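Here's the letter readout for the chains.
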Amino acid sequence: MPTELQSRAHRTPRMTRANDGISLSDVSRAYLDRHGASVQALAGVSLHADHGELLAVVGPSGCGKTTLLELICGLQAPDRGAVECAPAALMPQRDLLLPWLCAVDNAALALRIAGSSRAAARAQAAELFAELGLGGFEAAHPHELSGGMRQRVAFLRTLLSGKPVLCLDEPFGALDAITRAEMQAWLGRALQREPRTVVLVTHDVEEAVVLADRVAVLSPRPGRLRAEIEVDLPRPRSRTDAAVLALREQALTALGLGAAAGVEVGMAMGIDAGTRMNTGIETEPGP
Amino acid sequence: MRHRVLNALPAIVLVAILLGAWELYADSGATSSSILPSPHTIAQSLWSNAGLLSHNLAVTAEEVALGLALALALGFALGVLIHLSPPLRRACYPLTVGSQAVPIAVIAPLLVFLLGFGLLPKLIVIVLICFFPVVVTTVDGLAAVDPDQLKLLRTLDASRLQAFRFAELPAALPAAISGARIAVTVGVIGAYIAESQTATSGAYAGLGHEINADLSSLATARAYAAAVVLFAFAIACFYTLSLVERRLAPWANQSRGDLR
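These protein sequences, in sequence, are chains A and B.
If you read the first sequence in our numbering, its first letter stands for residue 1, the second for the next number, and so on.
If you read the second sequence in our numbering, its first letter stands for residue 1, the second for the next number, and so on.
Mixed in with the good hints, there may be bad ones.
[Claimed, not checked] 20 Å max Cα-Cα, derived SDA-like pairs, lysine to any residue:
id	chain 1	residue 1	chain 2	residue 2
1	B	Lys151	B	His83
2	B	Lys151	A	Gly188
3	B	Lys151	A	Gly133
4	B	Lys151	A	Ala114
5	B	Lys151	B	Thr96
6	B	Lys151	A	Glu170
7	B	Lys151	B	Phe164
8	B	Lys151	A	Asp50
9	B	Lys151	A	Gln124
10	B	Lys151	A	Leu75
Hints are computed from structural coordinates only; laboratory data are not their basis.
Since the structure is predicted, the reported quantities are computational estimates derived from the model, not experimental observations.
Isolated chain A (complex conformation) (with noise of 0.2 Å):
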């Protein structure tokens, strides 16, 4: 399919309700910052996903990819523009793991809270685990895991919440290139298990091109969509797949780093938003 550039404003919104999939028209998001400036971190954005789509953010730091999360889990409110998305559970960056609940209680959390009782809820996530590899793991607590088990703990949370589209902000972002691998392929058996509609945030291009069925590409401050980019290609994927590469150097590209740019080191290092790497060669997003 082609890759598409423009917003798909044009489009008529579906029953995203119904069929557990995100929609956002054209929306634009300003917060104030400390010291009362207004702080546009989201400008005429237009993204969807249907049921059991995985959907990739990729963009560099402060794009507003934060922000997008907590609109589509309907913390925030869009100034401007419609957001019409399936109810949304959150992973946040950090883990945050309750530290006085042994890792089965984290993950039953909204079991709970939606009033099992803890040996019901316990069973429950208990399945899970045994399930998602995880098993012998129920009664540590999060002081005694790593931070890959952290994490997958507090993703089996935000599976048991039971919404149907799962928010997942750069989830692997602190862990170490290797746990991170691990974690992607297990992220990807984990949802072949249990399919959800997924928005995946992350700064790291060919994650997103391994894991997703799209990957959109945010522009530094005020994020805009730069490009939307197909990953039509059979699970599981490798990553020195030559198909991967090449949708891995159109992502790239979109972000004005592309190899012939020469300057992929600076992805490596993160962008701060607002500046623009100065390569001589036009930066218009894809093909």
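Start from chain A and add chain B according to the hints.
Just chain B now, kept in the frame of chain A:
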């Protein structure tokens, strides 16, 4: 076990040196024994008055325990309310701070006038002294809860009350105990002051009353013995509360290493 004994050794040595110096000074005759008794005289008095002192200790300990429990409950409740309601914070916090500056000597006779002699005025004095640190540590403990944690609970459909119960309450309890731990040593002094100001009749009126009576009748060694008992009691309270705090919040003391 051996480890613990070795750790305590420097403190034991220091105390022994101080006691030795005290003994030498007192025995040298530089001061009269009715002003500064020597440690061995105090020890003798402790031994021979064990019954009297232990009964008085029971009375004082009851006041302190009840007073501290009340202070914990009230301080915790007030801390939670202040945290949850900004208008209440603006109303109550200055008054709470001000309550610490009220001279007990002024309040105590008023309390006796209103409530008579007995346990209640003493309790009120102890609560007055102890509840302030509990309020402060509770409010601080609640404020230290990560706001992202509360955001997360909102996305899991938690009500404000549920968010409080899961994310804030378990953080507030150890904080309150920490405040009580700070308060208890001053609270014991408060018990002494309370007993001095609200004199009770009867033989067993608490260690504070005992100390005052003995000092004024020049039974100085016994007064010092009672003071030693009070001192040991305060330290025991402090360490007991430290233990309670550690048991309530085991995660707070763990090192945050990655287990790989």
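Each hint tested on the structure:
1. Between Lys151/B and His83/B the CA atoms are separated by roughly 17 Å; this keeps the pair inside 20 Å, and the hint holds.
2. As the CA atoms of Lys151/B and Gly188/A are separated by approximately 26 Å, the hinted pair breaks the 20 Å bound.
3. Distance hint between Lys151/B and Gly133/A is unfulfilled; the C-alpha atoms sit about 28 Å from each other, more than 20 Å.
4. The hinted pair formed by Lys151/B and Ala114/A meets the criterion: a straight-line CA distance of about 17 Å does not exceed 20 Å.
5. Taking the CA atoms of Lys151/B and Thr96/B, the gap is near 31 Å; set against the 20 Å cutoff, the hint is violated.
6. In summary, the hint linking Lys151/B to Glu170/A is supported, as the alpha carbons are separated by about 16 Å, within the 20 Å threshold.
7. As the CA atoms of Lys151/B and Phe164/B are separated by approximately 12 Å, the hinted pair is consistent with the 20 Å bound.
8. As the CA atoms of Lys151/B and Asp50/A are separated by approximately 25 Å, the hinted pair breaks the 20 Å bound.
9. Between Lys151/B and Gln124/A, the direct Cα distance comes to roughly 24 Å. Violation of the 20 Å bound is thereby established for this hinted pair.
10. Among the hinted pairs, Lys151/B with Leu75/A is consistent with the structure: their alpha-carbon atoms are about 8 Å apart, no more than 20 Å.
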